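Participant: Taken in sequence, the protein lines are chains A and B.
For the first sequence, position 282 (counting from the first letter as 1) is numbered 281 according to numbering that gives the first Met the number 0, and the numbering increases by one without interruption.
For the second sequence, position 26 (counting from the first letter as 1) is numbered 25 according to numbering that gives the first Met the number 0, and the numbering increases by one without interruption.
For the record, the hints were derived by calculation from the structure and aren't laboratory data.
None of the values given here were measured: they were computed from a predicted structure.
Hints may be right or wrong, so weigh each one.
Example chain A residues on the side facing chain B (calculated, C-beta under 8 Å, incomplete) [what the hints assert, rightly or not]: (1) Pro72; (2) Ala78; (3) Leu89; (4) Phe98; (5) Arg103.
Listed below are the simulated DSS-like cross-link pairs for lysine-lysine, each with C-alpha atoms no more than 30 Å apart in a straight line [stated by the list, open to error]: (6) A:Lys129 with B:Lys300; (7) A:Lys59 with A:Lys5; (8) B:Lys118 with A:Lys129; (9) A:Lys112 with B:Lys300; (10) B:Lys118 with A:Lys20; (11) B:Lys228 with A:Lys130; (12) A:Lys139 with A:Lys181; (13) A:Lys130 with A:Lys181.
Using N, Cα and C, we set each Cβ at its ideal position, and we do this for glycine too.
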Amino acid sequence: MSVDVKLEDVWVRFGSFTAVKNANVTIRGGEFFSFLGPSGCGKTTLLRCISGFQEPTDGKILFDGKNMAGIGPNKRPTALIFQNLALFPLMSVADNIAFGLEVRGIGKAQRRKKADELLDLIALPGQGDKKVGELSGGQKQRVAIARALAVEPEILLLDEPLSALDLKLRQHMRTELREIQKRVGITFIYITHDQGEALTMSDRVAVMSEGVIEQVADSVTLYDRPEKPFVASFVGENNDFRGRVTSVSEGYAEVETSEGLFRGRVSEGNRDALSGSGPASIFVRPEALKIAGTATEASNAFEANLLQEEFEGNMRHLVLESKGGQRLRMTLVNDGHVLDYGPGSTVPVVFNPELAIVLPQEA
Amino acid sequence: MALTAWFQHFFKKNGIVLSIYLMSAVLLWMVIMIILPQVFMLDFSFRFNLPPGKIGGEEDVYTISNYRFLLFGSPGNPDPYNVIDTTVFFRTILAAIFVTVFDLLLCYPIAYALAIVAKGGTARLMVLSLIVPFWINEILRAFAFRILFGSSGVINTVGMTLGLWDTPFDFIKADIALYAGLGYAYILLMIFPIYNAMESLDRNQLEAARDLGAQWWRIHWRIVIPFSKPGIASGCTMVFMLSAGALAAPQILGGPSSLWFTQIIYQWFNTGGNWPRGSAYAIVLLAVCILFVLFMMRVFKVRIGEIGR
Ligand SMILES: Nc1ncnc2c1ncn2[C@@H]1O[C@H](COP(=O)(O)OP(=O)(O)OP(=O)(O)O)[C@@H](O)[C@H]1O
Ligand SMILES: [Mg+2]
Numbered sequence: 000m001s002v003d004v005k006l007e008d009v010w011v012r013f014g015s016f017t018a019v020k021n022a023n024v025t026i027r028g029g030e031f032f033s034f035l036g037p038s039g040c041g042k043t044t045l046l047r048c049i050s051g052f053q054e055p056t057d058g059k060i061l062f063d064g065k066n067m068a069g070i071g072p073n074k075r076p077t078a079l080i081f082q083n084l085a086l087f088p089l090m091s092v093a094d095n096i097a098f099g100l101e102v103r104g105i106g107k108a109q110r111r112k113k114a115d116e117l118l119d120l121i122a123l124p125g126q127g128d129k130k131v132g133e134l135s136g137g138q139k140q141r142v143a144i145a146r147a148l149a150v151e152p153e154i155l156l157l158d159e160p161l162s163a164l165d166l167k168l169r170q171h172m173r174t175e176l177r178e179i180q181k182r183v184g185i186t187f188i189y190i191t192h193d194q195g196e197a198l199t200m201s202d203r204v205a206v207m208s209e210g211v212i213e214q215v216a217d218s219v220t221l222y223d224r225p226e227k228p229f230v231a232s233f234v235g236e237n238n239d240f241r242g243r244v245t246s247v248s249e250g251y252a253e254v255e256t257s258e259g260l261f262r263g264r265v266s267e268g269n270r271d272a273l274s275g276s277g278p279a280s281i282f283v284r285p286e287a288l289k290i291a292g293t294a295t296e297a298s299n300a301f302e303a304n305l306l307q308e309e310f311e312g313n314m315r316h317l318v319l320e321s322k323g324g325q326r327l328r329m330t331l332v333n334d335g336h337v338l339d340y341g342p343g344s345t346v347p348v349v350f351n352p353e354l355a356i357v358l359p360q361e362a
Numbered sequence: 000m001a002l003t004a005w006f007q008h009f010f011k012k013n014g015i016v017l018s019i020y021l022m023s024a025v026l027l028w029m030v031i032m033i034i035l036p037q038v039f040m041l042d043f044s045f046r047f048n049l050p051p052g053k054i055g056g057e058e059d060v061y062t063i064s065n066y067r068f069l070l071f072g073s074p075g076n077p078d079p080y081n082v083i084d085t086t087v088f089f090r091t092i093l094a095a096i097f098v099t100v101f102d103l104l105l106c107y108p109i110a111y112a113l114a115i116v117a118k119g120g121t122a123r124l125m126v127l128s129l130i131v132p133f134w135i136n137e138i139l140r141a142f143a144f145r146i147l148f149g150s151s152g153v154i155n156t157v158g159m160t161l162g163l164w165d166t167p168f169d170f171i172k173a174d175i176a177l178y179a180g181l182g183y184a185y186i187l188l189m190i191f192p193i194y195n196a197m198e199s200l201d202r203n204q205l206e207a208a209r210d211l212g213a214q215w216w217r218i219h220w221r222i223v224i225p226f227s228k229p230g231i232a233s234g235c236t237m238v239f240m241l242s243a244g245a246l247a248a249p250q251i252l253g254g255p256s257s258l259w260f261t262q263i264i265y266q267w268f269n270t271g272g273n274w275p276r277g278s279a280y281a282i283v284l285l286a287v288c289i290l291f292v293l294f295m296m297r298v299f300k301v302r303i304g305e306i307g308r
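Start from the sequences and build out the full structure, keeping to the hints where you can.
Facilitator: Set out below in structure tokens:
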């Protein structure tokens, strides 16, 4: 039932501009897979390649090993949900949902039956005769999903479908989408520039930047073990200390930064790139930074100036400035203790090498 | 209540002087240019054609004889009705319908190409090449068509040189020149309303339909045509009204045996010197055209408000 989608060395060029650079990724059947990246990084372009609206300039797109080149969007087992939904405003809700069936020559009564079933699935029972304009944003959203599901696609492609909704609804729809995906069991390929969306819903996420797929991994790995500086700084918040590598050993590297010599983890894949004192960054999450106890630790310790404190109830965020003039963020869980430092005072900071990631930087 | 509020707002916005000027200008325009002439026409059409001395005299009474004449002809007419005039009337309406349908078929794809397919520069170039020929005046254009379709005209010459036919074909007599001329005269009035309506169509809807497997004709039938219906309706209305009321093109391009109803009206006014009868004929043409358009709008479920968009 579900289909594997494989992108092999896919390039897309518009004139002299390259929108997608050498994309290689395999999306497994039945998976909820997301492409995450900032605006303009080529996500929609990639999705249009999969749906058949855009032919790759180079490379192949394979569905279960079958090359899709030259096969139009109407002939592919995909259904696309557009960034702006693109519902047909002059048709009723039921006609919208059943449009794909109408195209396939299915009779009126049967179309209606299927539309009603899908309306039940998306929790809008009995609303088939409404006009599209009479629906709320979230309801339109669900109708667009039903319209795509009606043709029983094996792959559902979603282009930032939640971006037009308000925050509450967006969070609600996340859960709902995930549930629909589990119920129908088909592959969902989801596009978003919202990392929260990608991380909460997806089985795996591909992070893109300027046409390049930087890393493909599940949410936890992306957050805890980024492989590229872009991923480290784009997914979640991160403090980035720049410097040069001084030594690389079993799983760890040391980086000489303006704040001192810091030690952090190195992944297998980045080991070679780091050997030989190249430029590198050591990334430390705000929640990995700690205020040092009375006895100052030997490694990964430095001092910073407290600029201000943002109190958020369960969390307190400290904005710090290091001696080298770098802005840093530290997040502390509010455990009832009063902070010993006020704005303007010098704070001793430490972090655990286990929670710091060393990544090579472009020279 | 709403009206007084509107007036107050209007006066406040424009000041007294400008407001009075604007309102009287519009009023004068409406009354002098539009309402009065038509009222006179209507009044004329119900009177006898009297010599100037008798106008306003005892014999100057209302009558429906002019309308009778259109239907039944002169009292000595052996036929049960006025064969010539009624035939010409219905033929004119039919021909106008034909021209409208022909223009619609011709212009819908052009409007689609302009609005949806073509991009930036190409679209502008297309619009320009559509508009420029209309800088030439109507009479000249009609005569140009005469030359084009004449027995030694370009079309016959090319056709015969290519061996498609061997004696000159009389396009004028077959009324092909007339239909072509009329059709061409109004293409802009058909293209632009449709283009206007289509342009705001969200392209994603077309892609969504295609993604769901729709064939090209179904995309037009279910999405593009319903969406551009107001534009289609206003284009068709204008082309129909104008071709039913055209005079120059039938005069110049019409075959010897074909008469346009407007030509009969013109004859009554001009050579016939019978203004009341001419008015009656013109009023009937106007009324039937309006009724026909309203009927078609009802059939195609277009509301009158939509046309104005
Ligand atoms: N048809 C096209 N012709 C020329 N350039 C294009 C075309 N389509 C996309 N691009 C360019 O390709 C780049 C990637 O566009 P794309 O729409 O894939 O971005 P995106 O990641 O979906 O962004 P967003 O999150 O804003 O939707 C952009 O710089 C865009 O200008
Ligand atoms: Mg996009």
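Participant: CA of Lys228 (chain B) to CA of Lys130 (chain A), is that 30 Å or under?
Facilitator: 18 Å, holds
Participant: Would you mind confirming whether the straight-line C-alpha gap from Lys112 (chain A) to Lys300 (chain B) stays at or under 30 Å?
Facilitator: It holds: about 28 Å lies between the C-alpha atoms, which stays within 30 Å.
Participant: Interface hint check: Pro72 (chain A), Cβ to nearest Cβ on chain B, cutoff 8 Å. Holds or violated?
Facilitator: 5 Å, holds
Participant: Assess, step by step, whether the Cα of Lys59 (chain A) is no farther than 30 Å from the Cα of Lys5 (chain A), and give holds or violated.
Facilitator: 8 Å, holds
Participant: Is it true that the CA of Lys129 (chain A) sits at most 30 Å from the CA of Lys300 (chain B)?
Facilitator: Distance of about 19 Å is within 30 Å: holds.
Participant: Under the criterion of a CB-CB separation shorter than 8 Å, is Leu89 (chain A) in contact with chain B as hinted?
Facilitator: 5 Å, holds
Participant: Given Arg103 (chain A) was flagged as interface, is its beta-carbon under 8 Å from a beta-carbon of chain B?
Facilitator: 7 Å, holds
Participant: Was the hint right that Phe98 (chain A) lines chain B, CB cutoff 8 Å?
Facilitator: 6 Å, holds
Participant: Within a Cα-Cα threshold of 30 Å, do Lys130 (chain A) and Lys181 (chain A) meet the stated pairing?
Facilitator: 29 Å, holds
Participant: Holds or violated: Lys118 (chain B) and Lys129 (chain A), Cα atoms, limit 30 Å.
Facilitator: 36 Å, violated
Participant: Under 8 Å, Cβ to Cβ, is where Ala78 (chain A) needs to be relative to chain B, so tell me if that hint holds or is violated.
Facilitator: 6 Å, holds
Participant: Would the pair Lys118 (chain B) and Lys20 (chain A) pass a check requiring their Cα atoms to be no farther apart than 30 Å?
Facilitator: 27 Å, holds
Consistency note: the structure conflicts with earlier hint 8 alone.
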